[in-house]
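Enquirer: Take a look at the letters that make up each chain.
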Amino acid sequence: MTELTLVQAVNRGLQQAMRDDPDVLVLGEDVGVNGGVFRATEGLLKEFGEDRVLDTPLSETGIVGTAVGMALYGLKPVAEIQFLDFIYPAFDQIVSELAKFRYRSGGQYPCHVVIRTPYGGGIKGGLYHSQSTEAYFAHTAGLKVVIPSTPADAKGLLLTAIHDEDPVMFLEPKRIYRSVTGEVPEGDHRVPFGKARLVREGTDVSVFAYGAMVPVVTDAVEAVAKEGISAEVIDLRTLVPLDEAAILASVEKTGRAVVVHEAARFCGFGAELSAILAEKAFYSLKAPIARVTGYDTPFPYALENLYLPNVERVARALRTTVRSG
Amino acid sequence: MTELTLVQAVNRGLQQAMRDDPDVLVLGEDVGVNGGVFRATEGLLKEFGEDRVLDTPLSETGIVGTAVGMALYGLKPVAEIQFLDFIYPAFDQIVSELAKFRYRSGGQYPCHVVIRTPYGGGIKGGLYHSQSTEAYFAHTAGLKVVIPSTPADAKGLLLTAIHDEDPVMFLEPKRIYRSVTGEVPEGDHRVPFGKARLVREGTDVSVFAYGAMVPVVTDAVEAVAKEGISAEVIDLRTLVPLDEAAILASVEKTGRAVVVHEAARFCGFGAELSAILAEKAFYSLKAPIARVTGYDTPFPYALENLYLPNVERVARALRTTVRSG
Amino acid sequence: MSATQAPPALPTAVSPGVAGMTPEDLVRAYRVMLLSRATDDRCLSLQRQGRIGFYVPASGQEAAQVGAASALAPEDWVFPAYRELGVALYRGVGLERLIDQFIGNAGDLLKGRQMPNHYGYRDHRIVVASSPIGTQITQAVGAALAARRRKDSLATITFFGDGATSSNDFHAGLNFAGVYRAPTIFVCQNNQWAISLPREKQTRSRTLAEKAEAYGFPGVVVDGTDVEAVHAAVADARSRAVRGEGPTLIEAQVYRFGPHSTSDDPRRYRTDAEVEHWKASDPVLRLRTRLTSLGALDEARDAALVEEARAAVAKAVSAAEATGPVDPTTFFDDVFAAPTPQLLAERDEFDQLLKDGAVKP
Amino acid sequence: MSATQAPPALPTAVSPGVAGMTPEDLVRAYRVMLLSRATDDRCLSLQRQGRIGFYVPASGQEAAQVGAASALAPEDWVFPAYRELGVALYRGVGLERLIDQFIGNAGDLLKGRQMPNHYGYRDHRIVVASSPIGTQITQAVGAALAARRRKDSLATITFFGDGATSSNDFHAGLNFAGVYRAPTIFVCQNNQWAISLPREKQTRSRTLAEKAEAYGFPGVVVDGTDVEAVHAAVADARSRAVRGEGPTLIEAQVYRFGPHSTSDDPRRYRTDAEVEHWKASDPVLRLRTRLTSLGALDEARDAALVEEARAAVAKAVSAAEATGPVDPTTFFDDVFAAPTPQLLAERDEFDQLLKDGAVKP
Ligand SMILES: Cc1ncc(C[n+]2csc(CCOP(=O)(O)OP(=O)(O)O)c2C)c(N)n1
Ligand SMILES: Cc1ncc(C[n+]2csc(CCOP(=O)(O)OP(=O)(O)O)c2C)c(N)n1
Ligand SMILES: [Mg+2]
Ligand SMILES: [Mg+2]
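Residue numbers (my numbering), protein chains in the order written: chain A, 367 to 691; chain B, 367 to 691; chain C, 191 to 551; chain D, 191 to 551.
Treat the hints with care, since some could be wrong.
Covered by chain C, per the in silico footprint, the following chain B stretches (three or more residues, Cβ under 8 Å) [said to hold, decoys possible]: (1) 389-399; (2) 443-454; (3) 487-498; (4) 651-664.
Derived pair list, reagent style SDA-like, types lysine to any residue, alpha-carbon separation capped at 25 Å [as the list claims (entries may be wrong)]: (5) D:Lys469 - A:Lys412; (6) A:Lys490 - D:Lys469; (7) A:Lys490 - D:Gln542; (8) D:Lys545 - D:Pro518; (9) B:Lys490 - C:Asp546; (10) A:Lys490 - D:Ala548; (11) D:Lys391 - C:Ala263; (12) B:Lys490 - B:Leu672; (13) D:Lys545 - A:Asp585; (14) A:Lys646 - A:Leu614; (15) C:Lys341 - A:Phe414; (16) B:Lys490 - C:Asp523; (17) C:Lys391 - B:Gly473; (18) B:Lys412 - C:Asp546; (19) C:Lys391 - D:Arg340; (20) A:Lys412 - D:Pro456; (21) B:Lys652 - B:Glu618; (22) D:Lys341 - B:Asp386; (23) A:Lys412 - D:Lys341; (24) B:Lys652 - B:Leu672; (25) B:Lys490 - C:Lys545; (26) C:Lys545 - B:Glu593.
Stretches of chain A that chain C covers, calculated by requiring three or more beta carbons in the stretch to come under 8 Å of a beta carbon on chain C [claimed, not checked]: (27) 414-423; (28) 437-444; (29) 457-466; (30) 498-510.
Just so you know, these hints were derived from the structure itself, not from any lab.
Idealized CB from N, CA, C, for every residue including glycine.
With the hints as constraints, model all of the structure from the sequences given.
Expert: Take a look at the structure:
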């Protein structure tokens, strides 16, 4: 065990995978000499050479298209997209190609690429260094979508992603890249996909969150605990595959649900959670399902603190939900 | 009034707008000499000339980027993307640029482009001529999303779109391009955004649908009517802006809801409808909210009839929902 | 060059070190070209009769495809668009297997998932095609870099049309290939049209081949109706690639004789006279003449070969049409390596609907 | 060319018919360049002090920017990237207005929505910048075609970096411009680096300018540290554009003296020696020397101009820092022309949170 920040844990995960498997390689903008603009790939070029750490031209189309070709051949490329906001030039390769190769070939051509990218607000990044568009990918059949919220999960889920057989979108909450530290197991630490993390047990209401919202939710839950509200916190970890069993079990117990994400509300991932509950936990529900989310505006610069769900917004939703019904 | 197919109504809408406003122009692949691969732009080149009907090179990035520039200058470009499945090379221009110009400039640069594109299954198009990814656009703040289901609406909503001030994604249900005909008003017929269409009144359950699913739902509702089930059918027409008032009013009346779309289920538009109901109509709901949708697989070719919601699947959901609770 | 005019005199890219095709090679190529042409003819009529849903003909482009395929080694990887029937046939993909795919039946290795012509066969190192234009181009570069990393001495080749030169992946793919000196051969089959858009409205560059200069590697124009010329150009590009000298762009000038696809009516945008003009350089006829002049073919043998092709197609169609439909229980396979709980739940729902007869294929 | 070596001898694109810059023009340009440099220096230190959040310096590229801006007509539309301070200043955007934007305060016309440097001012026909690389390139072409359709005799100009030549929009934009002969001037400021990627790893083409050939129009390389050379090249391109002779790509060779942005540490990827080498052709120093040799400047006047720039920046910063914060009630404006019911509902929720003090800017 070592105490690491989340971004250091990502770095150790990459290093571990590259040491263990010569087929793993890393490509992206500024990932080599510069070690990544967030230093997630620091030291990799030196240890593994230009052959396995490719500084690419400025083309996300090229990065993902090339990674897809490498994966078809049998390598395990880990592509870095510098910010999730800049992934769209690669969107065609991701949704039309990467997500569909295995299916469209009848299983002849699996295509296992991991796309790592920092996402989310809270770093004063304005419209284009802040967005959370995980719902685009979760809606795309054939992609797995992973979002860690702790250093140990960052390493453990990344290693699972790299050794998985399917395409994985690995979204890193850059806001807590350095602000969150934690013990991270050494070696080939793996955290399985599809198993949510029970952050805190509770009986009155279930709160579902992921990524940088988990610490916000934890603080809010602590705040309302003083008021006698017992909230259960579940960190989803992987949006696809989703741990529906854990979600349903929790709401069957508490009867109430609050969903938190920083992405825009309309058609955001929270809608899917609500829909699952409204369909499969309907008879357990005692109160309306609340969503605490970003707004349906582009992401603002100066007013980002008004956009992002904060402790007080979550706390209010918890209070209202517990008092309703 | 003239009896037209849906694609003819689109064509008349374009013609009308181009006759009325010299700033309207059309651009896209094969839209000129060929009149569009579905003939939606038939006759326009002849009437309006190369200056206003641009056959473009094979680049959706170029089509939308160029349209954005034209719109910034003050024209009203209507871009055709040959199939929704081929829009992804333009995704960056759509979500990063078109959707955000007005906001990011503090209102200095409105950017009004209409993007027309055929979407959906039912024409044996396989993975890449069948998809319904409206949720991507509905989740993107700054875009309006319109889907007509009748010839009159196709013309009326298109004319509203062209004379709107915001970016509009205009998704045309190609499966019913020719199979559905109807009376279409002459002239500058406009159908307002944000007003759902009450297709059929009912008391036991509300069904929400749009596009090519509307006729399927109507048939299903007729089938279960014989069994004594009175279903209300609402055609959303515009997903953004959404006629939430109509949706809530209907469910407050019926207490039950079934959502139908051909898009994949997970994080599909139906999830948002469920979430709105689970939050705002919670106390009216008497039964779980059912979703009848495409599956979370890529769109298959030979088995497309198994993928698409059909009359019987909708009917079963109606029966189950009415009998539950 | 206007699509309505004659093709220009083309500098043929034959490099001295590269072995040409022997008469036996040419006969082999000819037989594949005949088979390709016969498949087109038959499938166009099957489509008209509703026996297959859609079809993309390759007629007019056989020499470019077969010429290229004949210059490859079996270990090379092919990244096709959707029109490369000649390549698949040359690499030995069974005709029945292809017709199975066109029908989408139980014999289709792709499990009926894709439209006709969008196939791929791992055993033949042909990567499965998709519809979005150009996407295979960057992928071919990635595979080439992967092969190099594995120290496999081979090249990747990718086929695309004149229209695809406008795609994002053309730009990204050629640029990456230039930067990393990828062992990739880019074959642009310039068939003068991208559906209804003529080549000269696709881009204002003089040739498509010269676009390679923007990426720092050579581009050559070749007469794509001459199987030997294409073979030589590709063989040359391949040896440069495996020698570590980087990529090549080859523009094979051809003409699409038929419609873009069975959904297309080419009379809306081009004249019969133009088609006739180009038919004078029908690649099948050209090779027939060449073989005759080499003494490798006479009329009787030619008739036999034509009949052989026709019969092979007839046989494959019969067999494929006798094959049962694709199995609906495969519906949820291959979305992921193993289905997620969500997919398992959807599959249960689906199975129930099937069992109850609520849905029918 | 390696970024670590001297720039090659450059063919300067001066065409005879185009008027050069008078000494008065050059003094005007010099003052703007001084102002740009002074703004950079001050803002880098404001950022270090936490008084602005982020900054993108333009130092080293002033001659390219001001030279280009000085060759435009006021009616021309500018589509910048994020580094074109010299263009904004030359076109008369008030410095205080810019600092307001860097702070994102109540004086910011963009309502505090964007990161520093991502501005745009309709009154000055400067389109609002975004971060995604290259997206402005196709837009500039669209605006040019729109202007032509409106029969407005003007050109559009777009600025981008060496890295942006790899973007999708570069390829699509230049291709559309070629096909439609758009009156667009493409100015690539090749500052040798795209963050940490040197120019020679961005693409293997010999120059960036030559990429224009792939789209059928001329590309020229110009010494971007020489304001007159850039002016001449852009003036020439502009007259060709408005005469209907189509687009031009201009590669202005420059060097970025500072970090990519305040988030960047250039010592990770380049040497001090390289920076020093390029500082020998500092565009501000070059123009100072030129003006001195023309007799248009002496030491005293120069010192006064430098001080004038410094004082203007200090004044603008004080004024901008005295301006209040952006008004939170603007939060939901401009998503659409008028808010949708969904947005109105969100605004109500938001207003309540604000009122209750549950959220703070
Ligand atoms: C991204 C994308 N846009 C549009 C289409 C529709 N489309 C299919 S084929 C085609 C023309 C392709 O032309 P070319 O590249 O020359 O190939 P050819 O069909 O002539 O062999 C178009 C526009 C598509 N498949 N993908
Ligand atoms: C599509 C996209 N990918 C990545 C980035 C991150 N990024 C910002 S600037 C930059 C380098 C740009 O280089 P260049 O075009 O040469 O412009 P310069 O900054 O040198 O002026 C990168 C990679 C981005 N903004 N957009
Ligand atoms: Mg073609
Ligand atoms: Mg640069």
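Enquirer: Give a verdict on every hint.
Expert: Results of checking the hints against the structure:
Coverage of the segment 389-399 of chain B by chain C holds [criterion: at least 3 residues with CB-CB distance below 8 Å; count 4]. With 3 residues carrying a beta carbon less than 8 Å from a beta carbon of chain C, the segment 443-454 of chain B meets the three-residue requirement, and the given coverage holds. Counting residues of the segment 487-498 of chain B whose C-beta lies closer than 8 Å to any C-beta of chain C gives 6; at least three are required, and the coverage claim holds. Note: the segment 651-664 of chain B has 4 residues with beta-carbon separation from chain C under 8 Å; the three-residue rule is met and the coverage holds.
Proposed proximity of Lys469 of chain D and Lys412 of chain A is contradicted: the alpha carbons are some 30 Å apart, above 25 Å. The suggested pairing of Lys490 of chain A with Lys469 of chain D is violated, with an alpha-carbon distance near 32 Å, which exceeds 25 Å. Among the hinted pairs, Lys490 of chain A with Gln542 of chain D is consistent with the structure: their alpha-carbon atoms are about 24 Å apart, no more than 25 Å. Taking the CA atoms of Lys545 of chain D and Pro518 of chain D, the gap is near 11 Å; set against the 25 Å cutoff, the hint holds.
Between the alpha carbons of Lys490 of chain B and Asp546 of chain C the distance comes to roughly 24 Å, so the proposed pair stays at or under 25 Å and holds. At roughly 20 Å between alpha-carbon atoms, Lys490 of chain A and Ala548 of chain D fall within 25 Å of each other, so this suggested pair holds. Distance restraint check for Lys391 of chain D and Ala263 of chain C: the Cα-Cα separation of roughly 31 Å exceeds the 25 Å cut-off, and the hinted pair is therefore not satisfied. The straight-line distance between the Cα atoms of Lys490 of chain B and Leu672 of chain B is roughly 12 Å, inside the 25 Å bound, and the hint therefore holds.
Distance restraint check for Lys545 of chain D and Asp585 of chain A: the Cα-Cα separation of roughly 22 Å lies within the 25 Å cut-off, and the hinted pair is therefore satisfied. Restraint check for Lys646 of chain A and Leu614 of chain A: satisfied, since their Cα atoms lie roughly 7 Å apart, inside the 25 Å limit. For a cut-off of 25 Å, the pair hint linking Lys341 of chain C to Phe414 of chain A stands: about 17 Å separates their Cα positions. Restraint check for Lys490 of chain B and Asp523 of chain C: satisfied, since their Cα atoms lie roughly 20 Å apart, inside the 25 Å limit.
Between Lys391 of chain C and Gly473 of chain B, the direct Cα distance comes to roughly 36 Å. Violation of the 25 Å bound is thereby established for this hinted pair. Between Lys412 of chain B and Asp546 of chain C the alpha-carbon distance is near 53 Å, which puts this suggested pair outside the 25 Å criterion. Restraint check for Lys391 of chain C and Arg340 of chain D: satisfied, since their Cα atoms lie roughly 23 Å apart, inside the 25 Å limit. At most 25 Å may separate the alpha-carbon atoms for a hinted pair to count; Lys412 of chain A and Pro456 of chain D meet this at roughly 18 Å.
The straight-line distance between the Cα atoms of Lys652 of chain B and Glu618 of chain B is roughly 10 Å, inside the 25 Å bound, and the hint therefore holds. A hinted pair counts as satisfied when its Cα atoms are at most 25 Å apart, and Lys341 of chain D with Asp386 of chain B qualifies at roughly 19 Å. Using a Cα cut-off of 25 Å, the hinted pair Lys412 of chain A and Lys341 of chain D is violated, with the two alpha carbons roughly 58 Å apart. Taking the CA atoms of Lys652 of chain B and Leu672 of chain B, the gap is near 30 Å; set against the 25 Å cutoff, the hint is violated.
Annotation: proposed proximity of Lys490 of chain B to Lys545 of chain C holds, straight-line Cα distance about 23 Å (limit 25 Å). This hinted pair checks out: Lys545 of chain C and Glu593 of chain B have alpha carbons roughly 22 Å apart, not beyond 25 Å. Given as covered by chain C, the segment 414-423 of chain A passes the check, having 5 residues with a CB less than 8 Å from a CB of that chain where 3 are the minimum. For the segment 437-444 of chain A, the stated coverage by chain C holds: 6 residues have a C-beta nearer than 8 Å to a C-beta of that chain, and at least 3 were required.
Note: the segment 457-466 of chain A has 5 residues with beta-carbon separation from chain C under 8 Å; the three-residue rule is met and the coverage holds. Counting residues of the segment 498-510 of chain A whose CB lies closer than 8 Å to any CB of chain C gives 3, so the stated coverage by that chain holds, three being the minimum.
When held up to the earlier numbered hints, the structure conflicts with 5, 6, 11, 17, 18, 23, 24 and fits the remainder.
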